[in-house]
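A.B. asks: As they're listed, the protein sequences go chains P, A and Y. Residue 0 is where the first sequence starts when you use numbering that gives the first Met the number 0, and the numbers rise one by one after that. Residue 0 is where the second sequence starts when you use numbering that gives the first Met the number 0, and the numbers rise one by one after that. Residue 0 is where the third sequence starts when you use numbering that gives the first Met the number 0, and the numbers rise one by one after that.
Just so you know, the hints here were simulated from the structure itself, not pulled from any lab data. Just so you know, these numbers come straight off a predicted model, no measurement behind them. Each residue gets a CB set at the ideal place from its N, CA and C atoms; glycine is no exception. Do not rely on the hints blindly, as some may be mistaken.
[To be verified] Which stretches of chain Y does chain A cover? Using the computed rule of at least three CB atoms under 8 Å from a CB of chain A, they are: (1) 145–151; (2) 154–162.
[What the hints assert, rightly or not] FRET-style restraints, in silico, Cβ to Cβ: (3) Arg-65/P / Ile-30/A: 27 to 35 Å; (4) Leu-407/Y / Leu-80/P: 32 to 40 Å; (5) Leu-488/Y / Leu-18/P: 38 to 46 Å.
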Amino acid sequence: MRHYLVLRVIGKLLIPFMLMFALYVQFHGESGPGGGFQAGVIAAAAIIFYAIIFGLPTARKVVPDRLVETMLAGGVLLYALVGVAGILLGGNYLDYFVLAHDPVHGQERGIFWIEVGVAITVSGVMLKIFYMFAGRRRPEGAGE
Amino acid sequence: MSPFPGHYSYAVTIFLMIAGLYIVIARGNLIKKLVGLAIFQTSVYLLYIAPGKLIGGTAPIVDARYAVYSNPLPHVLILTAIVVGIATLALGLALVVRIREAYGSIEEDEILEQDRASASEEHGRAA
Amino acid sequence: MIGEHLPALQVVVPLVAAPLIVLARRGAAAWLIATIASFVSLAIALALFVEVREAGVVSYALGSWAPPWGIEYRIDAANSVVLVLVALLASFVAPYAWRSAAFEVPEDQHYLCYAMFCLCLAGLLGIAITGDAFNLFVFLEISSLSSYVLIALGRDRRALLSAYQYLIVGTIGATFYVIGVGLLYLETGTLNIADLAARVAEVGTERPVLAALAFITVGLSLKLALFPLHFWLPNAYAYAPSIVSAFLAGTATKVSIYALLRFYFSVFGAHELFEVLPMGAILLALSVAAMMLASLGAVFQDNLKHMLAYSSVGQIGYITFGISLANQPALTGSVVHLVNHGVTKTALFLLAGAVAFRVRSVRFERLGGLARAMPLTCAGIVAGGFSLIGVPGTAGFVSKWYFVLGALEAGSWSMAFLPVVSSLIALWYMWRFVEVAYFRAPGPALAGVKEAPPALLVPSLALIAVTVFFGLDAPLTVGAAAQAAQVLLGGIR
Chain P
0 MRHYLVLRVI GKLLIPFMLM FALYVQFHGE SGPGGGFQAG VIAAAAIIFY
50 AIIFGLPTAR KVVPDRLVET MLAGGVLLYA LVGVAGILLG GNYLDYFVLA
100 HDPVHGQERG IFWIEVGVAI TVSGVMLKIF YMFAGRRRPE GAGE
Chain A
0 MSPFPGHYSY AVTIFLMIAG LYIVIARGNL IKKLVGLAIF QTSVYLLYIA
50 PGKLIGGTAP IVDARYAVYS NPLPHVLILT AIVVGIATLA LGLALVVRIR
100 EAYGSIEEDE ILEQDRASAS EEHGRAA
Chain Y
0 MIGEHLPALQ VVVPLVAAPL IVLARRGAAA WLIATIASFV SLAIALALFV
50 EVREAGVVSY ALGSWAPPWG IEYRIDAANS VVLVLVALLA SFVAPYAWRS
100 AAFEVPEDQH YLCYAMFCLC LAGLLGIAIT GDAFNLFVFL EISSLSSYVL
150 IALGRDRRAL LSAYQYLIVG TIGATFYVIG VGLLYLETGT LNIADLAARV
200 AEVGTERPVL AALAFITVGL SLKLALFPLH FWLPNAYAYA PSIVSAFLAG
250 TATKVSIYAL LRFYFSVFGA HELFEVLPMG AILLALSVAA MMLASLGAVF
300 QDNLKHMLAY SSVGQIGYIT FGISLANQPA LTGSVVHLVN HGVTKTALFL
350 LAGAVAFRVR SVRFERLGGL ARAMPLTCAG IVAGGFSLIG VPGTAGFVSK
400 WYFVLGALEA GSWSMAFLPV VSSLIALWYM WRFVEVAYFR APGPALAGVK
450 EAPPALLVPS LALIAVTVFF GLDAPLTVGA AAQAAQVLLG GIR
């Protein structure tokens with residue numbers, strides 16, 4: 000679809016705002032509807048939108064497969080490390096109370112990093128699923 | 000408790016539950032089975048969420064102005080269940096893609112027919 | 000400092016290993032991480048086992064949210080045994096995977112295979128350790144989703160269909176379970192298993208509680224492959240890669256049985272429910288059907304892995320038989336058999352994997368005269384078969400002894416014969432293997448077949464040695480199981 004000028008221009012205009020909106024949803028998650036899941040999906044949707052307009056190979060150059068796999072593992076690791084941080088600071092696993100001097104502030108800090116981990120993993124998984132499905136060719140002779 | 004609860008959400012839940020389960024059992028198409036499975040799982044979301052809502056209740060943030068709060072826990076649980084459901088659906092669809100590549104069909108009876116044919120062939124070769 | 004966090008680390012270590020494996024990507028590094036994670040899990044499980052024997056109950060509040068509000072990890076005599084079983088089997092399967100997975104799984108998928116193995120391990124350990132009913136559902140799904148993937152890695156295209164069928168059945172099972180938990184939550188307002196037990200007793204026989212019991216029973220029975228709900232199991236185990244069938248056969252169904260035990264005895268035990276619903280009678284009938292019919296089914300299979308899978312369904316029947324009798328010796332038998340059968344069946348599937356490695360088939364027609372080509376492997380299978388049959392001196396004998404004692408304590412001579420009759424059927428199907436392997440002339444399929452390499456043989460024969468050890472040193476397992484049975488029965492009024 001890269002030959003459609005309107006699509007290309009609109010797409011290039013919209014994608015930065017989609018990514019911005021993802022970040023808004025991510026950081027607004029503490030005080031309103033939002034959070035890592037939604038933000039991760041929106042960010043992945045922006046890349047998928049890019050891939051639909053400019054083709055899968057171009058998108059794979061921008062966000063390579065290795066990065067996607069690192070993201071989906073890295074997010075989970077970040078989540079787990081927040082838990083381990085709780086242990087190291089003298090609390091239980093996933094204890095946010097000890098992450099800052101003030102327990103309430105600690106909760107805020109803990110959930111912030113957890114949500115970052117969630118967002119990274121979710122967008123990684125969404126992109127991975129998209130790449131896997133889109134990259135598959137119809138087997139010979141099986142098409143209708 | 001009366002056998003027919005006054006809350007109509009239960010009726011919807013049970014309808015979705017039975018409809019989903021029926022599709023899973025009655026349909027031979029692998030994709031339709033997954034659709035039924037998704038409906039079946041959705042009924043559970045409703046089962047948990049509906050009783051968590053109190054009419055007039057607010058989000059459970061302690062404040063002097065509010066006295067009635069909705070229970071947030073069902074929402075949290077169901078958020079988890081939704082993620083599980085999505086993972087199941089994605090994996091199921093991925094399996095169907097692979098099955099289609101291997102068998103050239105997504106109809107259960109045709110696939111089983113092929114399996115029986117290859118099994119008897121295997122048997123014939125070995126004998 | 001680490002000591003008090005062992006309950007969390009038990010699950011976190013394999014859970015963290017999975018993303019590390021994905022980051023490592025290289026097959027050798029992935030295998031190393033998975034193996035280390037399995038060994039560390041075993042060490043933690045053993046440490047917890049010892050701690051529980053001294054302290055009675057170990058409770059861990061995740062995120063320092065006090066139970067019953069937060070998620071609690073709660074280890075007592077019952078689930079510490081299950082933790083050790085799961086981690087032990089993983090520690091035998093992981094070293095074996097080095098050669099076996101290299102042979103059976105495409106090379107670019109090795110690291111994913113090991114990542115899924117670690118996730119599955121984390122999920123199974125999580126089911127066993129958690130004290131929260133909804134958390135149990137999450138771990139159930141983690142282990143199930145990863146096992147669907149693992150089964151689909153099989154080379155045969157039928158593996159895909161088996162994985163799909165398992166996915167449908169497993170999801171229905173897990174959803175039934177979560178419906179049951181939902182009804183309990185609506186009725187009691189709590190998800191903590193220990194707290195549920197107290198509150199369910201107060202509620203009485205309200206209809207939602209009865210429905211919850213029914214949903215949880217059916218849901219978990221699908222997962223543990225209780226007799227008429229076992230149809231997904233044989234194909235899933237037969238077409239999965241060898242390491243997967245070995246690991247799942249010993250752990251997945253066993254952990255679901257543990258969950259059923261937990262709900263029957265710890266949650267609903269102190270309740271007059273069982274006087275209202277004839278659960279014991281239903282479970283007894285189905286268990287007997289499994290012991291007889293599924294074992295008979297094993298006799299008529301033409302494939303070693305299929306035979307072992309049907310035998311698993313039959314052996315699960317023994318365990319539920321003990322549950323339905325619900326007295327001290329019978330329940331001890333159930334817990335002992337959970338361990339013994341897990342170890343035996345994993346060992347047998349590992350040996351079947353060794354056969355598949357050399358012969359490239361496990362169909363009986365092609366295994367004629369196998370004992371001459373692979374004497375050690377065949378001897379191992381026969382020794383494992385002795386344990387399935389329950390020959391004195393093997394692990395199987397110990398558990399069957401307790402089932403007979405349990406039936407006698409329940410006052411029924413006729414039921415005491417049931418395990419014996421089922422053992423004879425086991426003798427019949429194991430004899431079929433002996434006849435094929437020892438008394439037939441080697442066929443052309445065996446030309447050039449050698450004994451399996453040590454990398455496969457050592458872990459599987461070591462596990463066979465464990466079954467014999469559990470058979471000879473019965474007090475070790477029986478002592479732990481008797482304590483577990485006591486804890487579970489303590490939940491009953």
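A.B. asks: Verify this for me: three or more residues of the region 154–162 of chain Y with a beta carbon less than 8 Å from a beta carbon of chain A.
C.D. replies: holds (count 5)
A.B. asks: When you take the CB atoms of Leu-407/Y and Leu-80/P, is the distance between them in 32 to 40 Å?
C.D. replies: For Leu-407/Y and Leu-80/P the Cβ distance comes to about 55 Å; the hint is violated.
A.B. asks: For the region 145–151 of chain Y, does the count of residues with a C-beta closer than 8 Å to a C-beta of chain A reach 3?
C.D. replies: Held - the region 145–151 of chain Y has 3 residues with a Cβ nearer than 8 Å to chain A, which meets the minimum of three.
A.B. asks: Are Leu-488/Y and Leu-18/P spaced within 38 to 46 Å by their CB atoms?
C.D. replies: violated (59 Å)
A.B. asks: Please test the hint of 27 to 35 Å on the beta carbon pair from Arg-65/P and Ile-30/A.
C.D. replies: holds (32 Å)
In terms of the numbered hints stated before, the structure departs from hints 4, 5, listed from lowest to highest.
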